[in-house]
Amino acid sequence: MAYTITLIKTLFFILKFLLIEGKFMIPAEKSQLERWFETTRDDVSAASSYPTVINVRVDGSGDFKTVTDAINSIPSGNNERVVVSIGLGNYTEKITIGRDKPFITLWARQHAGFGF
Numbered sequence: 001m002a003y004t005i006t007l008i009k010t011l012f013f014i015l016k017f018l019l020i021e022g023k024f025m026i027p028a029e030k031s032q033l034e035r036w037f038e039t040t041r042d043d044v045s046a047a048s049s050y051p052t053v054i055n056v057r058v059d060g061s062g063d064f065k066t067v068t069d070a071i072n073s074i075p076s077g078n079n080e081r082v083v084v085s086i087g088l089g090n091y092t093e094k095i096t097i098g099r100d101k102p103f104i105t106l107w108a109r110q111h112a113g114f115g116f
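Residue numbers (our numbering): 1 to 116.
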């Protein structure tokens, strides 16, 4: 349980400082949100049609053992949804997701019976 809370806090901390280009910047004013959703809807919909799932498992049973290696495997300029499924375990990493890699979702498993 503590691991899940720590991971969630870490992800929010990372995402808080993640810079996203142009039209993906969420507007500061609430009145502009609907217009923002309209401008991003097609891009997000197209990217999410058939997501690629990359499994990260600290024990080596996934595609990668570290989240950093999984992120680095995604090509620059990627225009498709990629879900990085993070398995149970301790991951001590500083994760950086560049602006050239949009549409990445970090998803952490909460317990052994739940996942992709």
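Don't read these hints as lab results, they were simulated from the structure. Errors might be hidden in some of the hints.
Cβ pair distances, simulated, as ranges [stated by the list, open to error]: (1) 76 to 50: 33 to 41 Å; (2) 32 to 99: 29 to 37 Å; (3) 53 to 99: 35 to 43 Å; (4) 32 to 90: 34 to 42 Å; (5) 28 to 50: 18 to 26 Å; (6) 99 to 50: 20 to 28 Å; (7) 93 to 61: 15 to 23 Å.
Remember, it's a predicted structure, so these values are computed and weren't measured experimentally. Positions of the beta carbon are idealized from the N, C-alpha and C atoms, including for glycine.
Right, here's what the structure says about each hint:
One distance hint, 33 to 41 Å for the beta-carbon pair residue 76 and residue 50, is violated here, with the actual separation near 20 Å. Range check, residue 32 to residue 99: about 21 Å between beta-carbon atoms, so the 29 to 37 Å window is missed. At roughly 23 Å, the beta-carbon separation of residue 53 and residue 99 lies outside the given 35 to 43 Å, and the hint is violated. Distance hint check: the CB atoms of residue 32 and residue 90 are about 40 Å apart, consistent with the given range 34 to 42 Å.
Checked against the given bound of 18 to 26 Å, the beta carbons of residue 28 and residue 50, roughly 33 Å apart, lie outside it. Our hint of 20 to 28 Å for residue 99 and residue 50 holds, since their Cβ atoms are close to 23 Å apart. Take residue 93 and residue 61: their Cβ atoms lie about 18 Å apart, and the range 15 to 23 Å holds.
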